[in-house]
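Colleague: Chains as they are written, first to last, in this note's numbering: chain U, 1 to 146; chain F, 1001 to 1102.
Heads up, a few of these hints could be off.
[Said to hold, decoys possible] Restraint ranges, calculated between C-beta atoms of paired labels, are given here: (1) I137(U) x P1003(F): 16 to 26 Å; (2) P1094(F) x L29(U): 13 to 23 Å; (3) V127(U) x P1003(F): 33 to 43 Å; (4) G138(U) x I1002(F): 23 to 33 Å; (5) V1067(F) x G25(U): 28 to 38 Å; (6) F53(U) x D1096(F): 19 to 29 Å; (7) I1009(F) x L18(U): 39 to 49 Å; (8) E1005(F) x E145(U): 14 to 24 Å; (9) P1003(F) x L136(U): 34 to 44 Å.
What the hints contain is simulated information worked out from the structure, not anything from laboratory work.
Every residue gets a Cβ at the ideal spot worked out from N, C-alpha and C, and that includes glycine.
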Amino acid sequence: MLVVTRRNVFHAALFLILSLVGVAGLYVLLEAPLLAAVQLFIYVGGIASLITFAVTLTRDMMNPNVAGRNRQWWAAALVAGALCGVLGLAVMHHDWETTPGPVPEHSITIPSTTLVKSEGFALPFEVTPVLLLVALIGAVTIVRER
Amino acid sequence: MIPLEWYLILAAALFCVGAYGVLSRRNGIAILMGIELMLNATNINLVAFRHYLQPAAATGQAFVLSVYAVAAAETVVGLALIVTLWRTHDTVVPEDADLLKG
């Protein structure tokens, strides 16, 4: 919550890191340790440091006379609150047919060969590096000095 | 055992906080942080559903992994745009980017 209410962007970034670590803890609770590790590596290690780097590159919003919120912030709060209420009602009214019992061992630790061979995720695994490469080249092209 | 609804409500709240951040902040970096919060909320939903509804399938985790890749790409490109905006316009507010206004 403090991520979006803090005026200082650097404080907001620190609280974002805190909430990302909390989500990693939730993954551990949901018996997905691989995802928790990936969350810590990619989000807390990569994206969070990128964001703090960008914040320090663009130290403009630190002066207090610039408003942190735009003019439609009350409408945004209204929409977000209504959305939260609707989602909460929908979640509470639906009868989830949960399957109790422990998670199978092979589902907790997934080797990547299982994903590619037996689950048919070969194509997404091929496409993902291409996407990352395109993003990398695009970012370098955008930021390059002309 | 925590019921599934709690995870879903937590994810819904996180998503709404992120949506509020995207809609109400002026700083571009803060808007990107709101998007990160929303992506994390959907990931919590995916992992919770995988844990409670389809524990044997690997689909949920694979989907979360692809969400990671897309989120990383989106953050990199967004931050590059903001840094370029800062260089050319001395601002990080997307409203002030009026290069196309003539």
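Colleague: Identify every previously stated hint that the structure contradicts and give their numbers, smallest first.
Modeller: 1, 2, 4, 5, 7, 8
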